[in-house]
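Below are the chains, spelled out letter by letter.
There are 6 protein chains.
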Amino acid sequence: MSVSSINARNQFRGKVKALILGPVVSEVEIETPAGIVTSVITTRSVHDLGLEIGTDVLAFVKATEVSVAKL
Amino acid sequence: MSVSSINARNQFRGKVKALILGPVVSEVEIETPAGIVTSVITTRSVHDLGLEIGTDVLAFVKATEVSVAKL
Amino acid sequence: MSVSSINARNQFRGKVKALILGPVVSEVEIETPAGIVTSVITTRSVHDLGLEIGTDVLAFVKATEVSVAKL
Amino acid sequence: MSVSSINARNQFRGKVKALILGPVVSEVEIETPAGIVTSVITTRSVHDLGLEIGTDVLAFVKATEVSVAKL
Amino acid sequence: MSVSSINARNQFRGKVKALILGPVVSEVEIETPAGIVTSVITTRSVHDLGLEIGTDVLAFVKATEVSVAKL
Amino acid sequence: MSVSSINARNQFRGKVKALILGPVVSEVEIETPAGIVTSVITTRSVHDLGLEIGTDVLAFVKATEVSVAKL
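Protein chains in written order, with our numbering: chain A, 583 to 653; chain B, 583 to 653; chain C, 583 to 653; chain D, 583 to 653; chain E, 583 to 653; chain F, 583 to 653.
Please note: incorrect hints may appear among the correct ones.
For chains that are exact copies, the list does not tell them apart, and a pair is met inside one copy or across any two.
[To be verified] Restricting the straight-line Cα-Cα distance to at most 25 angstroms, the calculated cross-link-like pairs of lysine to any residue (SDA-like) are:
1. 597 x 635
2. 599 x 630
3. 652 x 625
4. 599 x 634
5. 599 x 636
6. 597 x 638
7. 652 x 587
8. 652 x 640
9. 597 x 587
10. 599 x 653
11. 652 x 629
12. 597 x 634
13. 599 x 618
14. 599 x 584
15. 597 x 585
16. 599 x 611
17. 597 x 652
18. 597 x 632
19. 599 x 629
20. 599 x 616
21. 597 x 637
Calculated directly from the structure, the hints in this document are not laboratory data.
Let the hints inform the model, and build the full structure from the sequences given.
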């Protein structure tokens with residue numbers, strides 16, 4: 583199913599740069615113009631999405647999940 | 583209390599660009615080299631951190647909160 | 583930007599049934615075959631997505647966000 | 583400790599249909615009238631709750647964790 | 583519906599000490615032996631749960647939502 | 583990079599009491615005056631932060647991630 587737009591305000595286009603596959607969850611490293619974005623998703627989702635090194639993806643995060651620290 | 587480092591893999595340095603203050607939560611727009619990052623935090627935290635337009639901040643997100651979509 | 587698939591394992595198609603708009607975040611009630619699903623997103627996202635009563639949407643949740651209780 | 587009600591607006595009753603146990607976290611597949619709901623929790627919680635195939639459970643999600651996409 | 587146990591590893595019993603009600607979400611301050619715990623939930627959940635100053639509650643958090651910083 | 587303060591309203595100082603290392607994510611048990619707080623973070627973050635038994639850490643949680651149940 584294709585979707586036309588997502589509510590998440592924070593969206594980063596990029597390419598899968600590395601995958602660390604675990605038995606339940608996996609780490610996906612995504613190279614974006616903003617630098618490396620790291621995501622942990624289920625290993626089943628990695629397979630369902632057909633993620634491989636070089637796959638074009640969108641990493642996104644809800645604004646309620648973003649923390650802020652003062653420097 | 584000062585902390586030396588945070589576990590969150592996804593960290594974006596930037597400056598507060600806009601603030602929308604609500605009665606309970608507020609939206610913080612942060613200008614980073616990666617583009618605009620938007621965070622929703624409690625309005626009390628906005629005041630406790632002393633956030634204003636131009637404040638230097640670090641936006642960060644746990645890898646478990648990052649979703650991935652295939653383009 | 584259109585995306586072809588999302589990693590979130592928990593996806594519910596439905597129609598917007600009600601909207602409670604706040605100054606920063608809004609509540610979106612979505613009628614799905616699974617019953618009512620409720621989401622809180624930024625009010626700006628409600629406007630950007632053009633959500634109205636009756637809009638066709640997909641509600642989705644990462645598996646790491648789902649809690650389990652024993653009955 | 584028994585609780586009488588939970589704040590989460592999104593609650594789905596069901597039965598554990600499958601368990602994928604990992605060293606730290608596990609995937610719990612829950613069959614509900616709404617379809618399969620998937621949760622990732624710590625493997626210690628799986629053991630503490632005594633989850634097995636067929637256990638009656640409640641899967642629940644805070645509204646702030648639900649994302650919305652437009653179809 | 584009563585539940586007998588929840589997967590969340592981090593549970594804090596306490597009493598509601600303060601409520602800041604907003605149009606969509608509200609802040610609940612809970613006094614626990616561990617100090618004040620603050621939660622943001624939908625205002626509808628505040629009403630559905632019948633929360634008032636002094637109500638006995640359980641605040642809980644999934645382990646995947648807890649961040650760690652080094653001092 | 584050192585930060586001076588974090589928005590998270592819920593902060594617990596403590597010492598690492600136990601570590602369960604997995605291939606992708608690890609469980610960190612932290613002994614605090616409030617009792618044991620459990621966090622799941624990426625194993626790479628465990629290494630980057632140099633976490634060991636006895637390390638002084640701060641566990642913290644955004645208010646939007648805290649659920650409330652009525653007893």
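Does the structure break any of the earlier hints, and which numbers would those be? none
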